[in-house]
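S.K.: The whole structure should be built from the sequences, with the hints applied where relevant.
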Amino acid sequence: MKNYAIIAEYNPFHFGHLYQINMIRKMDPKAVIIIIISTFFVQRGEPSYLDPKFKTASALKNGADLVLALPSIYSLQSAEHFAYGAVSILNRFKHIDHLVFGAESDYSELYNFARFQMDHALSIDEKRIEFMKEGLNFNQGLIKACCAIADENDMKISQDLFQSNNILALEYIKSLIKLKSSISAISIKRSGQRYNDTEILEEKLPSATAIRKHFKEAPGKVKNILPKESYSGLIQSRFIDKNTLFDLIKYKLIIESIPLETITGFEQGLSGHLRKNLMKSSSYDEFIENSTTSRYRKNRIQRFIINMLLDNKKVFIDQSIREIPEWVRVLGFNKNGQDFLHSSKNESDMIFLTQYKQYNALSDFGKKQFDKEVDSCNLYYFSKDNFGDYFRQIPIIIKD
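As numbered in the working numbering, residues 56 to 455 make up the sequence shown, in order.
Heads up, a few of these hints could be off.
Stated by the list, open to error - Taking CB as the label site, the calculated pair distances span:
#1 Glu185 x Ser398: 47 to 53 angstroms
#2 Ile232 x Phe407: 23 to 29 angstroms
#3 Asp215 x Gln413: 41 to 47 angstroms
#4 Ser403 x Val429: 20 to 26 angstroms
#5 Ala273 x Arg147: 39 to 45 angstroms
#6 Asp296 x Asn415: 32 to 38 angstroms
#7 Lys188 x Arg330: 20 to 26 angstroms
By construction, these hints were calculated from the structure, which means they are not laboratory data. For glycine and all other residues, C-beta sits at the position ideal for the given N, C-alpha and C.
M.R.: Following this line, the structure appears as structure tokens:
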């Protein structure tokens, strides 16, 4: 029996995610499937459309055996740190055999490109900065820099490698290499629409982006294109609304006028840029739109804003990248997942959090990391009934 891990956001859980789980079952019918998911805030810098209990229920009822939480201190970072945080947590388990992820390109091509980026990291970064000074944004500068360095080394790079669906796949591979992990990577060719596609096409599995767009327009539109647990969760999930989020941003930036230089993700000029655009905006969406430029991309702005509201200091986040928590929060499991946890407890020094009383067993820094996750929970449920109850209805246990 082998153990397979998936790093996911499930925002929301859809048939493309189910396809991935089913492909693992097809490869290995006896597989134990472990999912580590972002909980309250996703890598785009937005509140998750599905709250953790609905994500967990959707995963467990559609083939997963164990669901773990990826703390917001990692889910709210760049693709590099998002991937490294998740892979580092999985790497602390002694019995995870494979990390499975979706991608547009073949694994050998992804691996070779990941190695190329690591071997030429300094040169690529220098070139990227040059191109950004010429007016390109971060992604455009990175692509042009990679192509330039590849040309200098008589290498050919497929443009497909730069597709959004490959970004995290590359970072997962690089994280495994950096950690010298024994976990082997398996890429599954994505089925359906690309990540950023916004329309729902009958002949293809819709993307999460398309599902969120159509759900906002009319919830009933997505009822028949989602697993029933996921659609039910979308209807029931309650989280901070944009008006409240906008009020908190105004308070932080204008009334409190906090120094932004210490917040993770800060760069020169961002403080004045945000305050200027806040003063001429009348809603959260307008503020984000006004603040988005070729230099400051939308997702980067959104991540910075949430990190600011959570007071996630750069020093703290950098230390958290170096010192992965000694704990992991258990969101749910079935019998196979429970057996995996029991065997892992005997061979791992990790603390598997299921109740608050385990807090006292954490180190001082572990407590600080845990406190930040509770803060994320409270911001997510701000002004909602769930405020202040981090362990409500968790873990979910599925019995045979």
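S.K.: Indicate, hint by hint, whether the structure satisfies it.
M.R.: Status of the hints after comparison with the structure:
1. For the pair Glu185 and Ser398, the supplied restraint of 47 to 53 angstroms holds, since their beta-carbon distance comes to about 51 angstroms.
2. Look at Ile232 against Phe407: about 27 angstroms separates their beta carbons, and that is inside 23 to 29 angstroms.
3. For the pair Asp215 and Gln413, the supplied restraint of 41 to 47 angstroms holds, since their beta-carbon distance comes to about 45 angstroms.
4. Between Ser403 and Val429 the C-beta distance comes to about 23 angstroms, which sits within the given range of 20 to 26 angstroms.
5. For the pair Ala273 and Arg147, the supplied restraint of 39 to 45 angstroms holds, since their beta-carbon distance comes to about 43 angstroms.
6. The hinted range of 32 to 38 angstroms is satisfied by Asp296 and Asn415, whose Cβ atoms lie roughly 35 angstroms apart.
7. The given range of 20 to 26 angstroms is respected by Lys188 and Arg330, whose C-beta atoms sit roughly 25 angstroms from each other.
In the structure shown, no violation is registered for any of the earlier numbered hints.
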